[in-house]
Amino acid sequence: MTSARKKPLQIAPYVFVLPNLIIFIVFIVIPAFANFYLGMFKTSPIAPPVFVGLANFRYIFLIDDLFKRSLSNLFSFAVFDVVAIVVLSVVIGVLLNQSIRGKSFFRSAFFFPVLLSPVVVALVWGWILNSRFGLLNATLIWLGFKGQPWLLQPDLAKAWTVGVHVWATVGFFAIIILAGLQSIPETLYEAAEMDGSTPIQNFFYITLPMLAPSITTVSMLSMIRAFEIFDHVYILTGGGPGTATMMVVQYVYRAAFELDQQGRAAAASLVLFVILLSLALVQYILGRRQESV
Amino acid sequence: MSRKTSLPARVVIYTVLVLGSLIMFVPVFWIALSSFKGLGEIYLSPATFFPKKWIFSNYSEAISQFPFLRYLWNSIFVTTTATILTLFINSLAAFALSKYKFPGRDFIFILMLATLMVPVRVIMLPVYMMIARLGMANTLAGIIIPPSATPTGVFILRQYMLTIPDELIDAAKIDGAGHFQIYSRIIMPLSTPALAVLTVFSVMWRWNDFLWPLIVINREKLFTLQLALARFRGELVTDWNYVLAMTVLSILPIAFVFVFMQRYLVRGIASTGLKG
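Protein sequence lines correspond, in order, to chains G and E.
With my numbering applied, the first sequence covers 456 to 748.
With my numbering applied, the second sequence covers 82 to 357.
Warning: the hint list may mix true and false statements.
[What the hints assert, rightly or not] Per the computed footprint, the stretches of chain G lying under chain E, defined by three or more beta-carbons under 8 Å from a beta-carbon of chain E, are:
#: 1; segment: 511–519
#: 2; segment: 585–592
#: 3; segment: 684–693
#: 4; segment: 700–708
[To be verified] Only part of the chain E face toward chain G is listed, based on derived beta-carbon distances under 10 Å:
#: 5; residue: Leu88
#: 6; residue: Leu125
#: 7; residue: Leu153
#: 8; residue: Ile157
#: 9; residue: Lys182
#: 10; residue: Met211
#: 11; residue: Ile255
#: 12; residue: Gly259
#: 13; residue: Asn289
FYI, nobody ran anything at the bench for these hints, they're computed from the structure.
For each residue, glycine too, the CB sits at the ideal point set by N, CA and C.
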């Protein structure tokens, strides 16, 4: 059918793409443009929208401390989250790639939280970390230490949002690393061993360089997902204590649906959009460079 | 890998793996155990690990006390209809984009892929306004329809369908098959592996989805399980013994997917980096 035979214009393919295309246009393309438009209006529940140009951006960047705080919370969350995920997924991937017993058991152990909903993950960890009734403090007390207010103290809460998100997602990235490891030709290791290379040398001179494309994928994907973070943190801490763990998506959600500040919500989500778009572009460029090598 | 590892190395490897598995399993295991505790024991400080007294009625009472079955039904309805819709419209589009040559085809394909750059959470407000204008706010259709056309779905199905030989289609045409028959009798049966991967992911996305239902729904009657569970966040006054039982019940379908469909998941992630 893809041959170049002369045919009258067919209607069938247009009919087939139509349902998908309508949904894409109505629920993604139009809203994406509407977002720019919304960002330039001031809305209120009682008055009609007023054109305000870039005032919403000026407001979120210069006047509203909360947006800047959620942006800086998001950046520090993303940095720690991505570093932890890259390091741990490589460690887990390498360990799972050894000739060990119970490989599929261990693989399942690291992978299964990927399937849990963010709501369940956050509820489970909310109980574990509960300062009075939680398992973690009970264990610490049993070992002779003092319990900590894990989610009530800002720095501890920030650390745990990263910890819980890493716990929930690292298995997904370990699978990508594992697939990368399994594509490294065994002959490279055999040759190196004949030259007397140690396992440590193998890791740094063969495994890591050969794994570079997978590590790039993991860093970029985990970064994009970190910047989109909402569910886990919102349910675990509600953005608190205070605003210590409020992220940009929560800021947008709050402005749009709780405070009725649609213009500001749209402006804030455009900032996030620019961040995500730049990350996607970087990923695309890195991907192409790796292909051409 | 078949290379041999030294004994000390093996000790280190197993220690790390066992400790790691404990960190992964224990939190969920403890919650499962706690779902059999009485309310008094749940609010014991410091917490116990195993229930002192096993209370199985948490489950039966959770089901009768909360409109649990309603939430469950809403979740099942959203997950199945959304998955069927996703499979149907994405495979139709993928079929057109892989097996026909028509003006505008490449533009349409690129447009669909470009929407990957615009995750719903970046445009949640205008999408919600669109839903509201179409009268789909506070309806299950409002949850189901907008995310049903997925660029990743179209992409993996199209890549798979490209590998189906055109000769099969030509032969069917000679036998007088129409366009839709070619789709339903030839393309779909041959695309089963790719459809399986998309099914598993769609079920997971939909069952676990939280933010979009949170935006669309505010009538309790229409809550999905995730919304119902999330509502109890941080409330110490609620009957947590029931909530914990509900949490465990909400994991069961996913556990089923995990046991029987793991290979499709792993294949999907390893080959396309599909979001879990």
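Structure-based check of each hint:
With a threshold of 8 Å between beta carbons, the proposed coverage of the segment 511–519 of chain G by chain E is violated, since 0 of its residues qualify and at least three are required. Counting residues of the segment 585–592 of chain G whose CB falls under 8 Å from any CB of chain E gives 5; the rule of at least 3 is met. Under the rule that three or more residues need a Cβ within less than 8 Å of chain E, the assignment of the segment 684–693 of chain G holds, with 4 such residues. Given a C-beta distance limit of less than 8 Å, the hint that chain E covers the segment 700–708 of chain G holds, as 3 residues qualify and 3 suffice.
Taking 10 Å as the C-beta cut-off, the interface hint given for E/Leu88 is violated, the closest approach to chain G being about 13 Å. Because the beta carbon of E/Leu125 sits about 7 Å from the nearest beta carbon in chain G, less than 10 Å, this interface hint is met. The criterion of a C-beta within 10 Å of any C-beta in chain G is not met by E/Leu153, whose closest approach is roughly 14 Å, and the hint is violated. Annotation: E/Ile157 was flagged as interfacial toward chain G, and the flag is violated, the nearest CB pair being 14 Å apart, outside 10 Å.
At its closest, the beta carbon of E/Lys182 sits 5 Å from a beta carbon of chain G; the interface hint therefore holds under the 10 Å criterion. With a least beta-carbon distance of about 6 Å to chain G, the hint placing E/Met211 at the interface is held under the 10 Å criterion. At about 13 Å, the closest approach between the beta carbon of E/Ile255 and any beta carbon in chain G exceeds 10 Å, and the interface hint on this residue is violated. Evaluation of the E/Gly259 hint against chain G yields a held restraint, the C-beta minimum of about 9 Å falling below 10 Å.
Because the smallest distance between the Cβ of E/Asn289 and any Cβ of chain G comes to about 3 Å, under 10 Å, the interface hint for this residue holds.
Hint compliance for this structure: hints 1, 5, 7, 8 and 11 are broken, all remaining hints hold.
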